[in-house]
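There are 2 protein chains.
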Amino acid sequence: MLSTHETHCPIAFALNIFGDHWSLLIMRDILFQKKKRYNEFLNSEEKISTNILADRLQRLEANRIIKKKRDTIDGKSFIYSPTDKGLDLLPVLLSIVRWSGKHDAKTGAPASFLRQLEKPMNDIERKIRSEFGARQV
Amino acid sequence: MLSTHETHCPIAFALNIFGDHWSLLIMRDILFQKKKRYNEFLNSEEKISTNILADRLQRLEANRIIKKKRDTIDGKSFIYSPTDKGLDLLPVLLSIVRWSGKHDAKTGAPASFLRQLEKPMNDIERKIRSEFGARQV
Chain F
1 MLSTHETHCP
11 IAFALNIFGD
21 HWSLLIMRDI
31 LFQKKKRYNE
41 FLNSEEKIST
51 NILADRLQRL
61 EANRIIKKKR
71 DTIDGKSFIY
81 SPTDKGLDLL
91 PVLLSIVRWS
101 GKHDAKTGAP
111 ASFLRQLEKP
121 MNDIERKIRS
131 EFGARQV
Chain W
138 MLSTHETHCP
148 IAFALNIFGD
158 HWSLLIMRDI
168 LFQKKKRYNE
178 FLNSEEKIST
188 NILADRLQRL
198 EANRIIKKKR
208 DTIDGKSFIY
218 SPTDKGLDLL
228 PVLLSIVRWS
238 GKHDAKTGAP
248 ASFLRQLEKP
258 MNDIERKIRS
268 EFGARQV
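Line order of the protein sequences matches chains F and W. Just so you know, the working numbering puts 136 at position 136 of the first sequence, and the rest follows in order with no gaps. Heads up: take any position in the second sequence, counting from 1, add 137, and you land on the working numbering.
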């Protein structure tokens, strides 16, 4: 895997930072489920292991996607929250939700939520689709 | 990692299928760089290994994101192309490009391309940002 210093392909750059199954599930927990604490992430249904969770939180923090501060109630633990750079991942996650809503017959995303995600196709997408001879839906 | 049968969280469902660094780079090669052949993917600058490439192509095909047919010129090799389900990943990849364009000072994405990706924020994103007290930009 290339370091972010070696490639500035915009896809590879991003995947080097957050293009990891677990990192994106942690961002889901933070952005959509409003989880803030280590134990809350640990208890998500995907059952992340404690060493992977610690590693991914550290990487997300090192890349300034999340920040942490001491919990004022429990001084031994931390509160995690998204930075502006982390909030900018919302369109990425929402586009993933939209894809699953369309392609998973048993999707857990509510229909009303998916309707709010509908949006007109932009010119770039239209152009690429036409190059593959795809329907312009 | 949960199988797609076990979770229908729309983020986890999608990540189980394409939420892998290499799978998304292969989709980049297919959708943006119009690569079609095994050797073309192998020669991308990230230097994917042959066993990972074979595995990911098989998984993408099994999940009906890509399809393959025999090369009519070289009967021993295959031509890969996106299905409609694969083309529906375009908004995901474009949202990743947009994120990198904003957060990688040395991004390889041309400024004119990035301008075409600008779009108004939808209501869901606006609402989530406001919950985090973020600027409504």
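Bear in mind the hints are in silico, worked out from the structure with no lab data behind them. Don't take each hint at face value.
To be verified - Straight line, CA to CA, 20 Å or less: simulated SDA-like cross-link-like pairs of lysine to any residue:
{"no.": "1", "chain 1": "F", "residue 1": "Lys-119", "chain 2": "W", "residue 2": "Asn-259"}
{"no.": "2", "chain 1": "W", "residue 1": "Lys-222", "chain 2": "F", "residue 2": "Lys-85"}
{"no.": "3", "chain 1": "F", "residue 1": "Lys-85", "chain 2": "F", "residue 2": "Arg-59"}
Unchecked claim - Some chain W residues flagged as far from chain F (calculated, every beta-carbon gap over 10 Å):
{"no.": "4", "residue": "Ile-216"}
{"no.": "5", "residue": "Trp-236"}
{"no.": "6", "residue": "Lys-256"}
As the list claims (entries may be wrong) - A partial selection of chain W residues facing chain F, derived with a Cβ cut-off under 8 Å:
{"no.": "7", "residue": "Leu-194"}
{"no.": "8", "residue": "Gly-212"}
{"no.": "9", "residue": "Phe-215"}
{"no.": "10", "residue": "Ser-218"}
{"no.": "11", "residue": "Ser-232"}
{"no.": "12", "residue": "His-240"}
Even for Gly, the Cβ is constructed at its ideal location relative to N, Cα and C.
Okay, the hints, checked on the actual structure:
no.: 1; hint: F:Lys-119 x W:Asn-259; result: holds, 9 Å
no.: 2; hint: W:Lys-222 x F:Lys-85; result: violated, 29 Å
no.: 3; hint: F:Lys-85 x F:Arg-59; result: holds, 14 Å
no.: 4; hint: Ile-216; result: holds, 12 Å
no.: 5; hint: Trp-236; result: violated, 6 Å
no.: 6; hint: Lys-256; result: violated, 7 Å
no.: 7; hint: Leu-194; result: violated, 17 Å
no.: 8; hint: Gly-212; result: violated, 23 Å
no.: 9; hint: Phe-215; result: violated, 17 Å
no.: 10; hint: Ser-218; result: holds, 7 Å
no.: 11; hint: Ser-232; result: holds, 4 Å
no.: 12; hint: His-240; result: holds, 6 Å
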